[in-house]
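Asks: Each chain is listed here by its residues.
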Amino acid sequence: MSEIGGDDYWLSLLVRTALDSDQRSGYAKMLRTVAKSVNCDACTVWRVVPGSDLNSNPPAGRLFALAQWSEKGNVWTTHDLSFTSATGLAVLSGKPDLINDIHHHVGVDPHDNFFSRTGMKKFCTIPILFTSDKGAVAIYRLADNDISPQEFARAQLLAEVLPLLYRTIRDRAGFLLIGEVNERLRQAEANAVAPEEAMGRVCDSVKTAFGCRETSVFLENPHEKRGVYHCYYTTERLFVGDKVDYIPPEPGLTPWVLENRRGVQIFDLRHFQQDKARIQERYPHISWEDRQGVVHHAARRPLAGSPAPQQAPVSFMAAPIMIGSEVRGAIRCCLADEPPYYFALRELQLLELVASRISQYWGHRLALAHLAGSFLELKTATDQQARAYIDLEHQLKSPLITALRWVQKGVADKTETDLFALRAQIKRAYRVSRNVALFADLAGGQRPPIRPARLNKDKTVRSLFEYCTDFRGAAQKGLINFLVHPDGFEHLEKYDVQVDSALFDHAINNVLDNAFKYSYISETVEVSADVEDDSWFFISIRNKGVPIRPDEVANCTIREWRSEAAKSVTGEGSGIGLWIVDEIMKRHAGALVIYATKLGITEVRLRWPCQKSVLP
Amino acid sequence: MALPKVSFALIVEDDPEQSKFIADAVRERFPRYEVTVVEAELEFRDLLPELKQNPPAVAVIDVILAWTTPDGLRLRPDIVRAGEAPKAGLRCEELLREDPLTARIPVVLYSVTNESHCREALYPVNAARQAGGYPEVAFLSKEPEVKPLLDAIFKWLA
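These protein sequence lines map, in sequence, to chains A and B. Sequence positions in the first sequence follow the working numbering and run 1 to 616. Sequence positions in the second sequence follow the working numbering and run 1 to 158.
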């Protein structure tokens, strides 16, 4: 048991105070213990500003207030100390200094704002070592009695452990932050909270943990194009201003993080332009301009009613939010309003952990959004497919029923035209059944196999006459005429055209069927052939009927697309006929080409590659 | 289109082969009746005012119908676009049901479409018809044999 009031007692109390603290307020409690242990009224921990050079002559840089406590509250006149001050000199020399006479001591200006406004009369300053930097603890007394050598010795004893305890509190506060962010995002996920609200909860936690005025989260909207980072939440709208979206590459700190996928930590934005070269050594090509007036708004008033002549650093840090190797956003913090007033590498590491947890949360959301999108797409495709099959069932059953009725009524007394009409119905059913099979294959990603053979002139013309006769028969006994111009097919004697005969027949019949369905009554569907550029053989099917608008032509080969006019004139029709023809033509390295005029004349050309044949 | 002055059956069917076959069968079985064929939904709608004055003894309506014919091309209004073609026959029935002068016309939906595709739509239709005291809609699948249809309309035409 340590003696009350002894060195061990105060050391033990200091350690307990630190170990009980898991928030930034623990720093002040710790300094209070140190000050009270030597009957003093204020205590400040100073640290060397990053980038200072203590070995240059004169030393370059300064000290800034890392943590502060005062019996009268946070009333300070300075956040910045030069190396010519007593504390600065102690840091440089590594020797503690006891100043019981502020009027006659090197490095002490009794008229300094701090002494004149706070009335401090005595103080001691003790150099300390952080992991990578130097610093000092300064302890101040209001009373007239001197700080005794025993008190000074105790102050040194306690000051020695302060860096370690400072790190302990910082680590505990860090663990608390990560735990809190994790819990908040877990709850947001469990309760399907809107992402803006979830980010708000995270930002509030980060803001509290780092004591910063601004914490903002920028993320890509999963429903919009990539590369646009939208502000999902900010604790300080003033700093975001109207700049709610970042689209890198663009100047600025946050865009740099988004583009370079690396965290950034700037000690003091007020000196960005002066320190630019040094900052760019760490962050190549980084740039910043104070468009939102951050430095102006950073004018904190440490002494009531009076802005400090030397401001605390306006620190900035940002970390990318990554999913895999892709950056999806960034979280940033700016302008701490309480000591330690800056974000060290340790804080950036914590922010990166927060960013990592946001990545996880965002990844889940993206996966869900993707899943929902895929489900919707799948449902739409399934519905479309189901509709297509219902329609194909209808298209298949109608001609079969008609044909069976013809057969049941007997064929003996039928005219030739009747029999052609019967054959047309059977062929129609056959064509639809082939369409069903091809649709199923193509929709399942299977491409029909082709067995190419040379297209024979006589057989082709004969087949076309036959098809046209069938369609004429189906078209209400000749109300739509079908005509084959055989001349152009003579080319087949000179040119070698390789086709799969079954797919060829199917493609031709699908196009003829379209002409049949959409032609005006009494019009003629004309079939002809020719050769283009000595390298393409084509069959043209031309009709006058329901017009296709020029801007719709490109859509005709899209699966399940039908023009509004086509939907108006046919009850059935799945919009897969020309899609299948297009696929067939592609399998032959050929093409389906559609020409449409305003007068309702449509010409469909089926074009195959050809070459002059060697053999007759 | 002028409706017959005598009792008649109305056939709403866009497949000419089907309509011819049905019309012939009805005329043969019920020789006292004329048969009027309507080819498309729009033609049916145009005929509605006349149907109010001169209702048919029965209406045999296909379910999947064209809105119009290529020669009389008029694009579908939005209300029809939303419903799509498979609902055309049901829309025709609804138009009849909406007006007391045509609501009593017996309707047979006659389609190659499987009944399961229409069953859900038929429940509210027949519930509304029952509530109004109108004859229920019968659904028949088209088969090569036309007798089931003739039997179904027998009670209206006999």
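The hints are simulated quantities; they were obtained by calculation from the structure and are not laboratory data. Keep in mind that the hints are not guaranteed to be accurate.
[Said to hold, decoys possible] Derived contacts from chain A toward chain B, CB cut-off under 7 Å, selection only:
id : residue
1  : Asn55
2  : Asn57
3  : Leu404
4  : Val569
5  : Gly571
6  : Ile594
7  : Lys598
From the three backbone atoms N, C-alpha and C, an ideal C-beta is built for every residue, glycine too.
Asks: Hey, does the A/Val569 contact hint survive, CB to chain B under 7 Å?
Replies: holds (5 Å)
Asks: Let me know if the C-beta of A/Asn57 comes in closer than 7 Å to any C-beta of chain B, holds or violated.
Replies: violated (85 Å)
Asks: Mind checking the CB of A/Gly571 against every CB in chain B and telling me if the closest is under 7 Å?
Replies: A/Gly571 check passes; min Cβ-Cβ to chain B is 4 Å, inside 7 Å.
Asks: If you take the shortest Cβ to Cβ gap from A/Leu404 to chain B, is it below 7 Å?
Replies: Cβ of A/Leu404 sits 4 Å from chain B, so the hint holds.
Asks: Have a go at the A/Asn55 hint: is there a Cβ in chain B nearer than 7 Å to its own Cβ?
Replies: violated (81 Å)
Asks: Minimum Cβ distance from A/Ile594 to chain B below 7 Å?
Replies: Violated, because the Cβ-Cβ distance from A/Ile594 to chain B comes to roughly 17 Å (cut-off 7 Å).
Asks: Please verify that hint: A/Lys598, Cβ, nearest Cβ of chain B, below 7 Å or not.
Replies: Since the shortest Cβ distance to chain B is 14 Å, the answer is violated.
In summary, the structure is inconsistent with hints 1, 2, 6, 7 from the numbered list given earlier, while agreeing with the others.
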